[in-house]
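Make a model of the complete structure from these sequences and hints.
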Amino acid sequence: MVKELTVISGKGGCGKTTIAASFVALAKDPVIADADVDAADMHILLHPQVRKKEKFSGLDVAKKDDDKCIDCGKCYDNCRYGAFDSDNTLHPEKCEGCAVCAMVCPVEAIQMVERNAGEAYISDTRFGPLVHAKLHAGEEASGKLVALVRQRAKEVAEETGKELILIDGPPGTGCTVIASLTGVDLVLVVFEPTLSGIHDAKRIIEVARHFKIQVLACINKYDINEENTEQIMQFCKEENIEVVGKIPYDDTATDAMVAEKTVIEFSDGSMAKAIQDIWQKIGKAWT
Amino acid sequence: MLIDCDVEGPNSHIFFKEPMVKFKDVSIPAPKFDLEKCTLCGKCAEFCQYNAIAITGEKLLFFEELCHGCGGCKILCPDDAITEADHQIGIIEKGGKKDLMLYHGLLNIGEPFGVPIIRELKQFADESKTTIFDSPPGTACPAVEAMRDSDFCILVTEPTPFGLHDLMLTVDVARELGTPFGVVVNRDGIGDDRVERYCTGEKIPLLAKIPNDIQIAKLYSRGMPIVEGLPEYKAVFSGLYDKIREMV
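Chains A and B, in that order, are what the protein sequence lines are. Residues in the first sequence are numbered consecutively from 1, following the numbering used here. Residues in the second sequence are numbered consecutively from 1, following the numbering used here.
Hints were generated in silico from the structure; no laboratory data involved.
Computed, partial: chain A to chain B, Cβ under 10 angstroms:
{"id": "1", "residue": "D38"}
{"id": "2", "residue": "C79"}
{"id": "3", "residue": "K94"}
{"id": "4", "residue": "S142"}
{"id": "5", "residue": "C175"}
{"id": "6", "residue": "E192"}
{"id": "7", "residue": "D200"}
{"id": "8", "residue": "D251"}
{"id": "9", "residue": "V258"}
Rough simulated footprint, nothing fancy, chain A against chain B, three-plus residues with beta-carbon under 8 angstroms:
{"id": "10", "segment": "68–78"}
{"id": "11", "segment": "139–147"}
{"id": "12", "segment": "170–176"}
Think about it this way: if two alpha-carbon atoms lie no more than 35 angstroms apart in a straight line, the pair counts; the simulated DSBU-like pairs of lysine-lysine are:
{"id": "13", "chain 1": "B", "residue 1": "K22", "chain 2": "A", "residue 2": "K94"}
{"id": "14", "chain 1": "B", "residue 1": "K98", "chain 2": "B", "residue 2": "K17"}
{"id": "15", "chain 1": "B", "residue 1": "K234", "chain 2": "A", "residue 2": "K202"}
{"id": "16", "chain 1": "A", "residue 1": "K261", "chain 2": "B", "residue 2": "K209"}
{"id": "17", "chain 1": "B", "residue 1": "K32", "chain 2": "A", "residue 2": "K202"}
{"id": "18", "chain 1": "B", "residue 1": "K24", "chain 2": "A", "residue 2": "K74"}
{"id": "19", "chain 1": "B", "residue 1": "K43", "chain 2": "A", "residue 2": "K134"}
{"id": "20", "chain 1": "B", "residue 1": "K32", "chain 2": "A", "residue 2": "K63"}
{"id": "21", "chain 1": "B", "residue 1": "K94", "chain 2": "A", "residue 2": "K94"}
{"id": "22", "chain 1": "B", "residue 1": "K94", "chain 2": "A", "residue 2": "K202"}
{"id": "23", "chain 1": "A", "residue 1": "K74", "chain 2": "B", "residue 2": "K32"}
{"id": "24", "chain 1": "B", "residue 1": "K22", "chain 2": "A", "residue 2": "K202"}
{"id": "25", "chain 1": "B", "residue 1": "K22", "chain 2": "A", "residue 2": "K212"}
{"id": "26", "chain 1": "A", "residue 1": "K202", "chain 2": "B", "residue 2": "K17"}
Even for Gly, the Cβ is constructed at its ideal location relative to N, Cα and C.
Set out below in structure tokens:
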């Protein structure tokens, strides 16, 4: 059975990708999936060689033939996303692809056409296969692209007999997050001991619980506010969430990133040790 | 006025002592099916672009979270079996102080689409005042919805490879929207100079640099604005504000 682990934090900038990339270096034979499709950063550290590329079209977009249009205004009246002006001018960038305009148009002046919303890749890295994607600027349906990335990662794992998929999750609690959490075996929530980090991590724990997924927690940069760290420990205790480690604030994270390496490859200092320790504890929690 | 558009994880209120108070619900219309009238013809399921409706055997299944509230199924239904009712997806809260109002939205846990809340939030912008929108992260629809129609965008980044990469993606969005923009480098001093070289090469104005100061990180962790805890940084921020005023 292939197992899936998602690393997530709610808020951006908590060190989620730094930690996930370190796990990649520590894991035995993983498949890696970067689910942060609108700001994917994993590839910066992993230097993937793209092996397979596919187009992602997401939802269709309305296209209007002005020669056929009789200006009846039905598209404007029925569109709920403001994609039409009152003079029936279409703004495709506001279209959510629902196809109501094409249905109500009496003269077939509107068609739903495929949009080029992004690309998904299967690549090779020094640690194993990486499935990643690029969503074009401002596109919809990013949750669908995450689902595609996870689907491809699963196929790669099954084809090559690998047992672990490591997923670097996106920030927030919306469609991309839901798509990167549903059905995984374990979620590691990265806390940052700032009030906003705590606020957002608590929300993401609610999301994970909503989908009935086992949650572990770790605290990154724990020493920038030890009082808040204590609060997080207390909260996790009350919520019955195991805290699998605390990582000190360390410039190594940035230095490794500049060198385009994982922390594990770059240093054997306190940060690397803390992450190794967490990785071991995750292994134990799993069995 | 401050409007926090990060409805999946709003944080601006943390920097205010004043509590946030619920102001209103945000709902989208969702279909209600009259199963007496429904003949299971399947036209709605076939039409729905979001796969929110499915017919399996003798049953109609509706997945409320996937529904975008477009109303297509209701228009299409040949048996008039569909009406609409509000599906609450989140709330808007109001707070802040007399001279600095704050609005933010909260997307319900488990709901995937926050854009309708961002749209409603932006209605509260007072045209007679300077309104600052705190945008969600990323470059997908929520971030675009927050950036749209602004007079100016401040793109905040860090001088690291991740920072540069995500900045470049956001520059693409700002350019596509046609919104004037500039860059603020946060935690200046860490990382490398690739962000600065990129901005110079692309002729993007570098509006301000905020140093990598552990005192700032500590203030932030407690939810205190930099300019209150470290007044020496006031000049950096008022300079930034003046620069933007000149450019807009």
